[in-house]
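Sequences are here, hints too, so could you generate the full structure?
First residue of the sequence shown: 5, per the working numbering; consecutive thereafter.
The hints are simulated quantities; they were obtained by calculation from the structure and are not laboratory data. Treat the hints loosely; a few may be bogus.
Okay, the calculated beta carbon distance ranges per label pair [said to hold, decoys possible]: (1) 286 x 320: 16 to 24 Å; (2) 359 x 35: 42 to 50 Å; (3) 167 x 51: 13 to 21 Å; (4) 407 x 322: 33 to 41 Å; (5) 429 x 381: 14 to 22 Å; (6) 125 x 409: 23 to 31 Å; (7) 323 x 374: 38 to 46 Å.
The structure displayed is predicted, hence computed values, not measured ones. The C-beta atom is built at its ideal place from N, Cα and C for all residues, glycine as well.
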Amino acid sequence: MKLFVLLSTLLSSAAAATTEYPLSPRPVLAPRPYHPRVPFPTPLQRSSKVCVVNTHGDGVTDDSFSILFALHQCNDGGHVLFLRDMTYTVGVAMDLTFLRHIDIDIQGRIRFTNDTAYWQANSFHFVFQNVTSFFKLGGEDVWIYGGGTIDGNGQAWYDEYAANIYTLRPVLVGIDGLRDSVLSGLALRHSPQYYHFVANASNVVFDAIDIAGASVSRNTAKNTDGWDTYRSRDVTIMNSVINNSDDCVSFKPNSTDILVQSLFCNGSHGISVGSLGQYVGQFDIVENVMVSNISMHNASDAARIKVWPNAPSAMSDDLQGGGGSGRVRNITYEDMFVDNVDYAMQITQCYGQRSLTVCQQYPSPLTIDNVVFRRFRGTTSRRYQPLIATFACSSATVCRDIHATEIGVLSPNGTRQAFCLNQDPRNLDVECTNDYKGSK
Numbered sequence: 005m006k007l008f009v010l011l012s013t014l015l016s017s018a019a020a021a022t023t024e025y026p027l028s029p030r031p032v033l034a035p036r037p038y039h040p041r042v043p044f045p046t047p048l049q050r051s052s053k054v055c056v057v058n059t060h061g062d063g064v065t066d067d068s069f070s071i072l073f074a075l076h077q078c079n080d081g082g083h084v085l086f087l088r089d090m091t092y093t094v095g096v097a098m099d100l101t102f103l104r105h106i107d108i109d110i111q112g113r114i115r116f117t118n119d120t121a122y123w124q125a126n127s128f129h130f131v132f133q134n135v136t137s138f139f140k141l142g143g144e145d146v147w148i149y150g151g152g153t154i155d156g157n158g159q160a161w162y163d164e165y166a167a168n169i170y171t172l173r174p175v176l177v178g179i180d181g182l183r184d185s186v187l188s189g190l191a192l193r194h195s196p197q198y199y200h201f202v203a204n205a206s207n208v209v210f211d212a213i214d215i216a217g218a219s220v221s222r223n224t225a226k227n228t229d230g231w232d233t234y235r236s237r238d239v240t241i242m243n244s245v246i247n248n249s250d251d252c253v254s255f256k257p258n259s260t261d262i263l264v265q266s267l268f269c270n271g272s273h274g275i276s277v278g279s280l281g282q283y284v285g286q287f288d289i290v291e292n293v294m295v296s297n298i299s300m301h302n303a304s305d306a307a308r309i310k311v312w313p314n315a316p317s318a319m320s321d322d323l324q325g326g327g328g329s330g331r332v333r334n335i336t337y338e339d340m341f342v343d344n345v346d347y348a349m350q351i352t353q354c355y356g357q358r359s360l361t362v363c364q365q366y367p368s369p370l371t372i373d374n375v376v377f378r379r380f381r382g383t384t385s386r387r388y389q390p391l392i393a394t395f396a397c398s399s400a401t402v403c404r405d406i407h408a409t410e411i412g413v414l415s416p417n418g419t420r421q422a423f424c425l426n427q428d429p430r431n432l433d434v435e436c437t438n439d440y441k442g443s444k
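What follows is the structure, given as structure tokens:
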């Protein structure tokens with residue numbers, strides 16, 4: 005009897021009229037200053053079917069059954085609505101790779117439980133750096149918007165990771181195989197780890213995303229990258245605000261044809277290529293990346309390329325590597341404003357290796373070619389002054405055509421020096437020096 009009542013309630017929700025629950029307008033994408041290489045996704049015509057997701061509303065009882073029911077009922081042509089002023093609790097891992105031709109209108113809040121034991125045992129595993137996710141989003145022609153919030157309930161994870169660095173912390177939005185889709189107008193809060201992990205995706209747009217979520221204990225929120233792209237092509241990230249404590253955006257192995265523009269980043273490690281070359285026997289590629297119109301505040305870096313050397317190295321006990329190969333090619337960072345940033349520009353092929361001597365003894369086989377930094381302005385922090393940048397290649401044979409032009413960045417004491425290793429200083433609009441002050 006209870007099952008009959010539940011199904012009846014769900015079916016009535018699936019048929020709810022839009023006059024009772026107004027739908028959010030689908031976002032109008034406004035790229036600036038560039039359009040992506042391929043046209044933005046164009047959704048197929050939707051039906052009038054609307055599935056309203058029910059919630060227990062108590063902040064404790066799992067609502068994943070209702071969510072999955074609505075998504076299946078309105079898949080392939082309908083709209084799914086998460087109601088305004090409602091909180092949906094998710095305590096079960098959900099595989100959403102079946103989605104196609106669907107609008108998901110999140111007006112309320114989706115909040116994941118903080119049952120760290122369950123999620124470590126049941127979250128979805130990716131093949132890169134022990135990445136796991138609460139849910140796996142995939143499919144085609146999926147539009148997610150509505151002004152609502154997705155909350156990772158991360159405080160328990162921040163505290164647990166401080167006690168055990170081998171804790172498997174889920175990313176908030178795990179994407180696997182999504183194509184021709186848009187995520188826009190969402191607030192993401194308190195992710196246990198990365199906010200987005202974008203794997204095996206093509207022609208996906210992230211627009212008007214608001215990211216924030218600091219720890220309220222002495223245990224900081226770590227590895228909270230805004231976006232990490234991996235084995236993906238034609239990804240656009242734009243018009244967003246990111247307050248976090250790790251990379252604002254990071255291009256992991258085999259990220260190609262990526263456009264990142266019009267972002268406000270605060271507290272981060274910058275917009276990074278890599279890290280690459282971490283795994284022996286792997287050939288990592290990042291190429292055809294445009295980063296433009298970025299405002300970077302209170303960060304360790306603004307624009308960064310980080311490559312492991314050809315020797316075992318360690319950033320920490322749970323992040324080690326070195327010895328992989330590959331290529332970085334055709335990367336442009338332009339029109340970046342920096343404010344209290346340690347390094348405005350950084351290239352390193354010594355990631356994880358504190359000894360420059362060892363780094364040069366075992367130069368990375370990963371090549372870096374055709375990299376442009378242009379029209380940078382602002383002021384760095386005092387951390388590395390008089391340096392404003394570092395360009396450190398492990399050998400001259402693997403770095404070619406590195407250019408920095410129209411660089412209007414100064415340190416607080418008015419200098420514009422940069423550490424230059426295996427570089428042609430004629431191509432760099434800075435004052436090259438041999439004074440190395442390290443990097444983060």
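These are the hints, each one checked on the structure:
no., hint, in the structure
1, 286 x 320: 16 to 24 Å, "20 Å, holds"
2, 359 x 35: 42 to 50 Å, "44 Å, holds"
3, 167 x 51: 13 to 21 Å, "50 Å, violated"
4, 407 x 322: 33 to 41 Å, "36 Å, holds"
5, 429 x 381: 14 to 22 Å, "21 Å, holds"
6, 125 x 409: 23 to 31 Å, "52 Å, violated"
7, 323 x 374: 38 to 46 Å, "28 Å, violated"
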